[in-house]
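Using the sequences and the hints given, assemble the complete structure.
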Amino acid sequence: MYKLFLSLKYLLRRPIGYFAVLGVAVCVFMMLTVVSVMNGFVDKIERAAKGLFGDVIVEPAGWEGLAYYDEFIAQMRKDWPGRVEAASPFLLSYGILRIPGQAHYREGVQIAGIRLPERIAVTEFELGLHFQRARAAPDFDPPRGELLGAMIREIGSTLIETLRELGEPPASSAAAGLAQRARALTGAMGLSPAQAADLAAWMLAWDRRGESPPAQWRTDETHAALFGRMGELAAKDETRPAACLELADRFLMSMLWGRAPTADNPRLGKLQTALSFQRKGLDGIYHADRTEQRIAVVERKMREAETQPASPDEQDRLSQMLSELEQQRFRGPRDRVILGLGIAGLSFRTPRGQTVRTMTPGQNVVLYVFPLGQGGDLSRFSPNPHTFTVIDDCRTDVSSIDSAFVYVPFEALQKLNNMGPELDPAGKVVRPGRCSQIHIKVRPGLGGEAQLRTVAAGIEQTWRRFAHAHPDASRTDVLVQTWRQRQAKLVGQIESQRTLMVLILAIISSVAIVLIFVILYTVVVQKTRDIGVLKAVGASSGGVAGIFLAYGAAIGLVGSALGAVGGYFLVRNINPVHDWLGRTTGFTVWDPEWFLFDQIPNEVRAATAVLIVAAAVAAGVLGAMFPAVRAARMQPVEALRYE
Amino acid sequence: MSDAADKAIVARDLRKTYRLGRTTLPVLRGVSMDVRAGEFVAIVGASGSGKSTLLHLLGLLDTPDEGSVALDGQIATSLSARKRCRIRCRHVGFVFQFYHLLPELNVLENVLLPGMVDTPLARWPSRRKRLRAAAGEILDRLGLSERLRHRPRELSGGERQRVAIARALMNRPRLLLADEPTGNLDSKTGRQILELLRSFHQAGQTLVMVTHDASIAQQASRVLTLRDGVLQS
Ligand SMILES: Nc1ncnc2c1ncn2[C@@H]1O[C@H](COP(=O)(O)OP(=O)(O)OP(=O)(O)O)[C@@H](O)[C@H]1O
Ligand SMILES: [Mg+2]
Chain V
0 MYKLFLSLKY
10 LLRRPIGYFA
20 VLGVAVCVFM
30 MLTVVSVMNG
40 FVDKIERAAK
50 GLFGDVIVEP
60 AGWEGLAYYD
70 EFIAQMRKDW
80 PGRVEAASPF
90 LLSYGILRIP
100 GQAHYREGVQ
110 IAGIRLPERI
120 AVTEFELGLH
130 FQRARAAPDF
140 DPPRGELLGA
150 MIREIGSTLI
160 ETLRELGEPP
170 ASSAAAGLAQ
180 RARALTGAMG
190 LSPAQAADLA
200 AWMLAWDRRG
210 ESPPAQWRTD
220 ETHAALFGRM
230 GELAAKDETR
240 PAACLELADR
250 FLMSMLWGRA
260 PTADNPRLGK
270 LQTALSFQRK
280 GLDGIYHADR
290 TEQRIAVVER
300 KMREAETQPA
310 SPDEQDRLSQ
320 MLSELEQQRF
330 RGPRDRVILG
340 LGIAGLSFRT
350 PRGQTVRTMT
360 PGQNVVLYVF
370 PLGQGGDLSR
380 FSPNPHTFTV
390 IDDCRTDVSS
400 IDSAFVYVPF
410 EALQKLNNMG
420 PELDPAGKVV
430 RPGRCSQIHI
440 KVRPGLGGEA
450 QLRTVAAGIE
460 QTWRRFAHAH
470 PDASRTDVLV
480 QTWRQRQAKL
490 VGQIESQRTL
500 MVLILAIISS
510 VAIVLIFVIL
520 YTVVVQKTRD
530 IGVLKAVGAS
540 SGGVAGIFLA
550 YGAAIGLVGS
560 ALGAVGGYFL
570 VRNINPVHDW
580 LGRTTGFTVW
590 DPEWFLFDQI
600 PNEVRAATAV
610 LIVAAAVAAG
620 VLGAMFPAVR
630 AARMQPVEAL
640 RYE
Chain L
0 MSDAADKAIV
10 ARDLRKTYRL
20 GRTTLPVLRG
30 VSMDVRAGEF
40 VAIVGASGSG
50 KSTLLHLLGL
60 LDTPDEGSVA
70 LDGQIATSLS
80 ARKRCRIRCR
90 HVGFVFQFYH
100 LLPELNVLEN
110 VLLPGMVDTP
120 LARWPSRRKR
130 LRAAAGEILD
140 RLGLSERLRH
150 RPRELSGGER
160 QRVAIARALM
170 NRPRLLLADE
180 PTGNLDSKTG
190 RQILELLRSF
200 HQAGQTLVMV
210 THDASIAQQA
220 SRVLTLRDGV
230 LQS
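These protein sequence lines map, in sequence, to chains V and L. First residue of the first sequence? That's 0 in numbering that gives the first Met the number 0, and the numbers climb one at a time after it. First residue of the second sequence? That's 0 in numbering that gives the first Met the number 0, and the numbers climb one at a time after it.
I should point out that these hints are in silico values taken from the structure, not numbers from a laboratory. One or more of the hints may lead you astray.
Unchecked claim - Derived DSBU-like pairs: lysine-lysine, alpha-carbon spacing no greater than 30 Å straight-line:
no.: 1; chain 1: L; residue 1: Lys6; chain 2: L; residue 2: Lys82
no.: 2; chain 1: V; residue 1: Lys279; chain 2: V; residue 2: Lys269
no.: 3; chain 1: V; residue 1: Lys414; chain 2: V; residue 2: Lys427
no.: 4; chain 1: L; residue 1: Lys82; chain 2: L; residue 2: Lys128
no.: 5; chain 1: V; residue 1: Lys8; chain 2: L; residue 2: Lys6
no.: 6; chain 1: V; residue 1: Lys8; chain 2: L; residue 2: Lys82
Keep in mind that this is a model prediction, so the values were computed, not measured.
Listed below in C-alpha cells is the structure:
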C-alpha cells in the first residue's frame, strides 16, 4: 500500500518529477504523431495501390501487351478457385486532355482502360467515385435520372458555397416577382403548401430591407436538404428535372439578385463560372435526346446539301451547327470518361475546403491517345483523338494518381491505343486484342504479403503453362507481382522512412529513460533519510525498491497519457493545424505534390497508442530500475544517525 | 525458561566493529543486556560510545557482527529479512533525535505510515478507516488533533517530535526505542516530551532510551552506561 501511496505523493509533491513527466510526454507525443502519420501513409498507399492494381498484377514487359487475357483469366480461375476471387484486364496509355471550346487547355494525362463494373470486384475503385457513390455497381452508363439527381445535388452544393461566399442577404429587389416565382417553384418541387409558404416568406424576407429570413431556412443544412430533395425528385421521375432545373436556376438567380458584382470578388467569379459549367453539364444530360434528334436533322440536311448543289455558306453553316451539337452531345456508354479528381483546371477547392467541380458529368472532353501498343515504324506514330463525355470523377487520395489519371472503357482505349484485335480483309482475327496488365483480387484472408506471394507464384505457373499453349500471348517476359512488389519503390521508401523515424525517435526517447534515471537517482539520494525511516518502520528492501519502480512507472504512465492525448488531438487535427501554420507563417511542410496525398493522414490506431504508452511505462520502470536497486541496498542506520 | 516470556529484550554478547580503510573501530565489544516487559531503561555514555549503534541493533535496524538479539523470546538475529521487517514494523517503534518525518507527507500521513507499511494494497480499503481512527486517536492524545493536515516543516521541534512519537506508537509496538528524543529540543520542550514518554511507560509501554543527560536518566527504572564498548551498570 505505502509503495503506491508514496510514489504518488512523490509524483505530486516533488516538482523535479514533473520534468520527467514532461520529457516522457514529449517523447510519446512525437512518437505517436510520427508513427500515426507514417502508418497513415503506408495505409493510404496500400489502399491506393490496391485501388488501382488489385492484390496481384500480371504484367508483360514493354508496351506490346498481353493477348488472350480473358482466356488466361478463365484458366486462372480454373486453376486456383480457392485463391482467385476476381480478375480484370487493364490498359494503360498516355495522352493529352483537351476541352472543346477552350483552346488553351491541355493537360498530359495517364489513360486507364477499365472494365466497369467488373473492375469493382477487383479493386475498390467505386469508393472514390463521386456522382455514383450511392450506387451498388457503378458503371460507365448510370441511369440518366440518377445522374441528373446527383448533378442537381452537386449544383446545390456549389450554390450553397456561393451563398456562403456572398454572405449577407441582398438589400433590395423586386418583391412581388420573387414571391410569385417562389410560389411557382415550390409547386414544382412538390413541397407541401406550408413548406412552400415558408420558402416564399424566406425569399421575400431576403428581399426586404433589414429583415432576416426565417431561421429554419437560413442554415446551410436547409439549403442542402432543399437541393437534396430536388435531386431525389429528379432521380425518381425523368419528367421532373425540367421543373427542378428551373427551380435551381431561378433559385440561383433569386439568390444572386442584387448582390455584390462578381468582379469585386474573384472567388465569386470562379464559383459562378463553375456553376455555368455545371449547368452546361446538366443541360447536356437532360437534353441528350433532343441533341441527338437535332444532330440527326443536321446530318440529314448535310447529306441533302451534298446531293443537291447548295450554297457553300449553307454547308458551312450546317457543319458549324453540327460541330456545336457534337460538343453538347451526351455520348453513348463506350465513349465516356471518369476523370481523376485533381486534374489541373477541372476542379478547385474553396478556402472553406469545399471541392467545386467545373468539369462535371454531361460535358465533353477530347483525349489524344498515344497509341503505345502500336509496334513498327515510329514515324507513323501520331495520337488518336477521341471525344468522351464525362460521366463521373474519382479520387484515390493519392495526388499523383488523382492529378494524372482518367478512366475510359477498356475496349474504347484498346482501339485508340492500337491494341484492339487486328482483322484480315476477310474479317478473321489475325492478332487478338491486348491489355497491358491483368489485375487480380485474391480470396478474403489471403491478403498478407507472404500469402500474396504464394498466390503470385501459383499464377506464374498457370501463366507458364498458358504461354506454352498460346505462344503469341506475349512477345516479352511476363511478371507476376504482388501490389507491394509492384509499388516496392514507393512502399519501401515510406516504410524505411518510418523505420528510420521510429529509430531516431527511439534514440531520442532513450533520453527519457536517462532523464527518469537521473531524476530518480537524485530523488533517491535526497531521500536517503526517508528510506531509513521507511526501513525503521518496517519497510523491506523490496518494498523500498517498489516505491521507486512505481514512481518511475507513474511518471511513464502520466507522461505518456498526457503525450498520447496531445498526440491524438494533433494527429486528428493535423490538417487544420497545418493549414493554420501555412497561413500564419507562410511555411508549408506538406506539399501535396511532394507527398502524394492532398491530406496528411490523421488516423490514430488504438494499437499504436497502446504500444507506445506501454513502451513509455516500460521505459519509466527501466529508468527507475537502477535507482530503485540502489535505494533497496541502502543501509538506513547511517542516514538516521545524523540530521 | 518461563521468565523468557516477560523479557522484552535479551541481547547476548553483541559485537560491532566498523572498518574505515585499514583502521578498525570496535564500537561494541560484547554487550549483553536484558530488558523486562514494561521496564524503562536508559542507556547513557559519552558521545561516540556506540549508544545509537546498540539501539539500532536492538531494533533490528542493523545486524551485529556477533551475538544475538531476542525480542519477546524470539531470537531475531537468525530470522529472515522479511520476518525481521515484520517484527520491526509491528513490535518495535523508533523515535529519533532529529524526528525524521517525511516532508512530502502531512502529519496524519506520517503517522499512518507504519500502518500502511503493514497493510497490503488489497487490504487497504477495508482497514483504512480503522487505521485513520487509530492515528487520529494517538495524535489526539499527543495534542495534535488540530494539525492533521500540516506538513512537518510547518511544525515546531516539539510538535515534530510528538508526531514522531505518534508514528512510533501507531502500530502499538511492545517496544519503544528512543534515541536522544530530547537532544534537539530546548529544556522545557524536552521535559514535556520526556513527560509524555514517561506517561506511556506508566501505561505499560516498554521503553529503552538513549541519552547523555543524567537528569533524564534518573527518571528511568534502570540506567546502563556504555563505556569502552561494554555495558557497566
Ligand atoms: N557506518 C559507520 N562507519 C564507521 N564508523 C561508524 C559508522 N557508524 C558509526 N560509526 C562510529 O561508531 C561510533 C559509535 O557511534 P554511535 O552513533 O553509536 O555513537 P553514539 O554513542 O550514539 O554517539 P552520540 O552520543 O554522539 O550520538 C562513533 O565513533 C562513530 O563514528
Ligand atoms: Mg547517537
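How the hints compare with the structure:
no.	hint	in the structure
1	Lys6/L / Lys82/L	20 Å, holds
2	Lys279/V / Lys269/V	15 Å, holds
3	Lys414/V / Lys427/V	17 Å, holds
4	Lys82/L / Lys128/L	26 Å, holds
5	Lys8/V / Lys6/L	40 Å, violated
6	Lys8/V / Lys82/L	27 Å, holds
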